[in-house]
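Enquirer: In case you want the letters, here they are:
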Amino acid sequence: MFSQLLVNALIAASIYLVVAAGISLAYSVTRFFHFAHAAVIACGAYSVFVLHVWVGLPLSISALIAAPLGGAVGLALELLIYRPLRRKAAGPLVLLLASIGAYVVLQNVMSLAFGDASRSIRPTSVQEGLPFLGARITCVQLISIAVALALLIILLTAFVRTRWGKMARAVMSDPELASVSGINVDGVILWVSFVASMLAATGGILQSLDVDMTPTMGMTALLAGVVAAVVGGIGRLPGVVLGAIFLALAQHLSTWIISTQWQDAIAFAILLAFLIFRPEGFMGKKVRETTV
Amino acid sequence: MMLEIRKLDTGYGKKQVLFGLSMEVRNGEIVAIIGPNGAGKSTVLKAVCGLIPAWNGRMCFDGTTTNGSTPAQNVARGITFAPQGNRVFAGLNVMENLQIGGFQVPRKELRGRIAQVLDVFPVLKDRAKQDAGNLSGGEQQMLALARALIARPKLLMLDEPSLGLSPNLVRSVFGKIVEINRDTGVSILIVEQKVREVLRVCNRVYSLKLGKLAYDGTPEELRDDKGKLKELFL
Chain S
1 MFSQLLVNAL IAASIYLVVA AGISLAYSVT RFFHFAHAAV IACGAYSVFV
51 LHVWVGLPLS ISALIAAPLG GAVGLALELL IYRPLRRKAA GPLVLLLASI
101 GAYVVLQNVM SLAFGDASRS IRPTSVQEGL PFLGARITCV QLISIAVALA
151 LLIILLTAFV RTRWGKMARA VMSDPELASV SGINVDGVIL WVSFVASMLA
201 ATGGILQSLD VDMTPTMGMT ALLAGVVAAV VGGIGRLPGV VLGAIFLALA
251 QHLSTWIIST QWQDAIAFAI LLAFLIFRPE GFMGKKVRET TV
Chain E
1001 MMLEIRKLDT GYGKKQVLFG LSMEVRNGEI VAIIGPNGAG KSTVLKAVCG
1051 LIPAWNGRMC FDGTTTNGST PAQNVARGIT FAPQGNRVFA GLNVMENLQI
1101 GGFQVPRKEL RGRIAQVLDV FPVLKDRAKQ DAGNLSGGEQ QMLALARALI
1151 ARPKLLMLDE PSLGLSPNLV RSVFGKIVEI NRDTGVSILI VEQKVREVLR
1201 VCNRVYSLKL GKLAYDGTPE ELRDDKGKLK ELFL
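Respectively, the protein sequence lines represent chains S and E.
First residue of the first sequence? That's 1 in the numbering used here, and the numbers climb one at a time after it.
First residue of the second sequence? That's 1001 in the numbering used here, and the numbers climb one at a time after it.
One thing to keep in mind: the hints can contain errors.
As the list claims (entries may be wrong) - Here are the simulated lysine-lysine pairs, DSBU-like style, with alpha carbons at most 30 Å apart: (1) E/Lys1212 with S/Lys88; (2) S/Lys88 with E/Lys1014; (3) E/Lys1230 with E/Lys1194; (4) E/Lys1154 with E/Lys1226; (5) E/Lys1007 with S/Lys88; (6) S/Lys88 with E/Lys1015.
As the list claims (entries may be wrong) - What the simulated footprint calls covered on chain S by chain E, stretch by stretch (three residues with Cβ under 8 Å from a Cβ of chain E suffice, anywhere in the stretch; the number is not a length): (7) 18–26; (8) 212–221.
Derived by calculation from the structure, the hints in this document are not laboratory data.
Heads up, the beta-carbon is just placed ideally off N, CA and C, and yes, glycines get one too.
Just chain S, same shape as in the assembly (with noise of 0.2 Å):
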């Protein structure tokens, strides 16, 4: 039983680490909440639903065109609401309140094409699960860990090897200072964003590979990415890992005690309590507030 609970927590872990890296990115290069990754995760699950259920598409290549469609919906809000709101001066509560308008609306758009009811590109047969570290995981699952492990490690080494994860790095420093040295912060911000929403699209095929989805699936999903985030250290990779890993491990462990309905109210608990005694999270720092 604690052995299959482990396992649980860790096939949760992969999906938080996922959409959670996400948000840390697209927030410390816009300085706010992007709400609409919410809508964003549900994209990804429902283009997979279209291109694999109705176009019929094999499962595998229906995910790897609709990670970068979601992508492309974090460019098409970028450079049609949240651009053209900054260079307005607007600041991190006008960008906020925009991007959950565009949720409210992005979710309204899924709504209509494809109805509230839940839809599912799960196989109909049951599988059986496969032994694993004394307890039982699906193929599945052991995908979604390997995807989210893969995708850690490629983003870890794209931000510390590459020429644009270190200009990506330099944004999330300092923006003006970032522009002053010659970089082109709006460009920086267009592709991080596109990478965020790929990695948010890529939490939510992972989660419909293993629940049904609704419109409304990417704002628990996106709850669950944000405490994570906030508890390893917004900004911090390795510290989202870390976030990732102690919520799933909270959220799983405490069905020893407490039912299951409670997950969401944990994860809240631990968001406040990291909010008031620790708001760096595991590995941010604390930081000092400077201007031009």
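Since the structure of chain S is already known, use the hints to place chain E on it.
Expert: Just chain E now, kept in the frame of chain S:
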């Protein structure tokens, strides 16, 4: 002429800060801008580097009008800016900070340029892998100067490079500024509150008051006229 500003009006949002400002920086000069708080000194540098737009007037750099240019375009032209407050990329190490200063430099050249800049600032050599946020104030200022030099600018703009530094470090930073100007011939436009120190190193000085030019002359004239200097800061 390296930089020519004519009748510049600009500000933030709807608030006008500079009113018809005209000034110039010639090739190889160190020019200081002094004045009381809120005079608009830093605003001049932000307008020249493209962080804020010119509302009216003209800015001309090395024969090219730069009104409407982005900071990235101005860096490519040869204008670099070290903002106020020892600003470095705190989460990146010293070497990465220098690499960012040279993002517009061809990759083959970058390593050589970093080596040259590290020769000017040997203290940074030993700290190459250290996070810039963990450097001392003086080391951060040296890094800010080094980062701005990697692109081999024609015009280097410094906003209060002495801010928050001890008197010894202030002397050391101003020594470096003179050395850089002498060895590379780069023109330097420097905003500074520590008037006595900056008057020792600059060739010409402008003083601003409430966004308007209040004085344009040589440092010697100001050093000899204590009454005038006091008047400029009242």
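Enquirer: Failing hints, ascending?
Expert: Per hint list: 4, 7 and 8 violated.
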